[in-house]
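Kindly produce the complete structure, drawing on both the sequences and the hints.
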Amino acid sequence: MPMHIKAEKGEVADRVVAVEDRETAEALSFFLENSKLVNRNRDLYVYTGMYKGSGVSIATHGIGAPSATLVFDELSQLGVKLIIRLGTAKSLSKRITKGDVVVSSGASYIPGGTIGEYVTESFFVLSAVPDLLVSKKLLEKLTSSKLRAFVGPTFSNDLYYSKYYENNAGALADKNFLCADMECASLFVLSYIRGFRSACALIVTEDMEEKRGEGMSDEDLKKLITRVAPAVLDALVES
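In the numbering used here, the protein residues as written are 1 to 239.
In short, the hints are calculated from the structure, not lab data.
Warning: the hint list may mix true and false statements.
Unchecked claim - Taking lysine-lysine and the DSBU-like style, the derived pairs with C-alpha atoms no more than 30 Å apart in a straight line are:
no.: 1; residue 1: K222; residue 2: K6
no.: 2; residue 1: K211; residue 2: K146
no.: 3; residue 1: K163; residue 2: K211
no.: 4; residue 1: K175; residue 2: K98
no.: 5; residue 1: K175; residue 2: K36
no.: 6; residue 1: K223; residue 2: K52
no.: 7; residue 1: K52; residue 2: K36
no.: 8; residue 1: K136; residue 2: K223
no.: 9; residue 1: K94; residue 2: K36
no.: 10; residue 1: K98; residue 2: K9
no.: 11; residue 1: K222; residue 2: K81
no.: 12; residue 1: K146; residue 2: K94
no.: 13; residue 1: K211; residue 2: K98
no.: 14; residue 1: K52; residue 2: K9
Being a predicted model, the structure only gives us computed values, none of them experimental.
Laid out in structure tokens, this is it:
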């Protein structure tokens, strides 16, 4: 049994949707049949149930790469084969606005940090890319759900309250990044190290020009999550 997700093998399904907080995990659990809470330790809530005949778990990964990578690693220890992160992001492109959903085709990151701890002996930077077939299925499901969905490169960093985006917004936009989050790169890198598949669907909650805290309201985000969740779950069980 892992140190933080206090569940036995078999209590967590081999397909997982990973989300940022326990409230979102609880909301997604209502889409499952016979949903059961299998972990609440460290507030990392994990629910397991059935979705359209397939076993599915919803797992909370917290905020930032250190917390998220811990969860992804322990899910892998429990036999998970596919993780789709459903999270939030800030736009880095004028064509991407609040309410859009971005499927990351790859996440750039600043070397070091949590990812660097996994590759301390390496002289190269690991590619942070998702499973392409899962990402394709995810985009198809989002588009067919009448959501404004995009696919393209994203940027992951560790510091939420920083001047980085204000000082480098133009440079990041010039590189054609669609949005920024804190966890995609760590998920993608770890999926290759540990041998599971991964993908990310990011709900954009802040426009490019908005400062932290000026974005989408909590209520509007909750409503949008309930629209996005079925598409993510469909992609999960069909991949």
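Self-check item: Hint numbers contradicted by this structure
Solution: 5, 9, 10
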